[in-house]
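Model the placement of chain B on the given structure of chain A, informed by the hints.
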Amino acid sequence: MHEFLNDQIDVIASFCQNRVIPKRIRWNERDYDISNVNLVHTAREGQKRIFYFSVSDNTNYFKLKLDPEYLEWHLVELYN
Amino acid sequence: MSRIILHIDMNSYFASVEQQANPFLRGKPLGITGKHQERSVIAAASIEAKKLGVKTAMSTWEAKRICPSLILYPGDPEKYSYITSQFNSIFSEYTNYVEQFSIDECFLDLSKTVADYLEAIVLAQTIRERIKKTCGEKITCSIGIAPNKLIAKLCSEQVKPNGITTVCKQNVLKFLDTCKLRDLCGIGNRIENRLGSLGINTFDQLRKFPLEKLVNEFNSYGYWLHESAHGLNDSPVINTREEPKSIGHSYTLSENTEDKNEMKNCLLGLSDRVAWRLRNEGFVARCVHVIIRYSDFTTMAQQQTFTEPTSNGLMLFKIAWQIIEKWLDVSKPVRLLGLSASTLSKGNEYQSLFKKERKVRSLQKSLDKIQNRYGSDAWTRASLIGVHFKKRSSGFHSPNSPSTM
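Keeping their order, the protein sequence lines are chains A and B. Take the first sequence: its position 74, counted from the start at 1, is 83 in the numbering used here, and no numbers get skipped. Take the second sequence: its position 317, counted from the start at 1, is 329 in the numbering used here, and no numbers get skipped.
The following block holds chain A by itself, in its conformation from the complex:
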């Protein structure tokens, strides 16, 4: 099932060699450990650069959105 969402989430991430790597997300009061960061891309919203992380655990694909201006994370896509 492929869903488009815009849910604010909590994320544990590591910052390593100029890269942000999401490690765990908390969504709907449940924790999901990220096993793979498959693709990272950026897009512009006005002057703002938004980061998108296409990540997965063993059963789900998540697309995460990071707004670096407000340091907010959103879950914008889910596929399982």
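Quick caveat, the hints were computed from the structure, so don't treat them as lab data. Some hints here could point you the wrong way.
[As the list claims (entries may be wrong)] Pairs of lysine-lysine residues, derived as DSS-like cross-links and limited to a Cα-Cα distance of at most 30 Å, are as follows:
1. Lys181/B x Lys192/B
2. Lys74/A x Lys47/B
3. Lys144/B x Lys74/A
4. Lys32/A x Lys40/B
5. Lys40/B x Lys74/A
6. Lys371/B x Lys57/A
7. Lys358/B x Lys57/A
8. Lys74/A x Lys381/B
9. Lys367/B x Lys330/B
10. Lys32/A x Lys144/B
11. Lys74/A x Lys145/B
12. Lys377/B x Lys57/A
13. Lys57/A x Lys47/B
14. Lys32/A x Lys145/B
15. Lys145/B x Lys57/A
16. Lys57/A x Lys144/B
Then chain B, alone, in the frame of chain A:
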């Protein structure tokens, strides 16, 4: 000295990017579609889907009929543009002569970078590995290496996915003789049929056909056909972006409609987007072109030229709506609306003598600043509140715009 041209063609591009992003789509037949899947076409099919008979530009219902297990997945143009910029920047590290032919195809002129074809092959392998490392292992490309763009493009079509095909100058004719006429970029169905009616079905026959007769039949295109049959093409790899000839958007409505207000809203939204892009790139337009596609897939296209160049959304809308009022077939529901502005020139609109118009233009400048800062959704007309264009529609993304919808 003979040139060495690379043509790099990403394999099943949009589908490969999605398979890279989402591992649960890997190894499965996948079709990338527009926003309304049931009313859309296949923009790209994965390698697995192609093997099952799914082809690009096929309607989704036809693709599903051929391949019931096909996964339909909405395209994400922002993602594709980003990956394109990634691999383009890799190419630019090796030569200054990089021509982006489309979102997933590039020509590179390596004549001044490498000494011979062997070195070009090594470089092609390096580029392929770098793409894999930077963009992901599912994103692969086929590369053609040849003395000109025409043959290089033909070469890259030979081995898919992930192939490298080289044809050096002395083997061009032999290579062409193994290809069909319509494999060549520039020979489509109609040209092939016209050639067929002259008894030309192979490159060898095309080569032997008298040039005068070709020119009689095809005018100046005859010269191009004659040269192509000899494997000749001297068009350079152009590394500068050509100015656009027109700027436009089209939108397939979520449902067919006969409601003129709905059409007006859609057209006004499209006009604002087109005008925003015109202003953003510093253009004004003197011609508006409107397309209406009806529910039976018949299409009406009309255009109107005007004297005063504009980049104002409301002005474009008014002209476009006049066209629609005149030509709309009210007996048929409308499926798609499109608007494009052409006869473009660099510059601003004329300074108006009227205070009200000057005020509107001044307001427009302020609104543009807001949109530049906060993105295209930062403001909307009161009449368009409640009108939302679906986000993942390819027509609403422009990599050159400062914001996307």
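Structure-based check of all given hints:
1. Lys181/B x Lys192/B: holds, 19 Å
2. Lys74/A x Lys47/B: Judged against 30 Å, a Cα distance of about 20 Å means the pair holds.
3. Lys144/B x Lys74/A: holds, 24 Å
4. Lys32/A x Lys40/B: holds, 27 Å
5. Lys40/B x Lys74/A: holds, 26 Å
6. Lys371/B x Lys57/A: holds, 29 Å
7. Lys358/B x Lys57/A: Between lysine 358/B and lysine 57/A the Cα gap is close to 27 Å, so the pair holds against 30 Å.
8. Lys74/A x Lys381/B: holds, 25 Å
9. Lys367/B x Lys330/B: Judged against 30 Å, a Cα distance of about 21 Å means the pair holds.
10. Lys32/A x Lys144/B: Holds, at about 23 Å.
11. Lys74/A x Lys145/B: holds, 23 Å
12. Lys377/B x Lys57/A: Cα-Cα ~20 Å, so holds.
13. Lys57/A x Lys47/B: OK: lysine 57/A and lysine 47/B at ~25 Å, within 30 Å.
14. Lys32/A x Lys145/B: The hint holds at about 21 Å.
15. Lys145/B x Lys57/A: Roughly 27 Å between the alpha carbons, so the hint for lysine 145/B and lysine 57/A holds.
16. Lys57/A x Lys144/B: This hinted pair holds, its Cα atoms lying about 28 Å apart.
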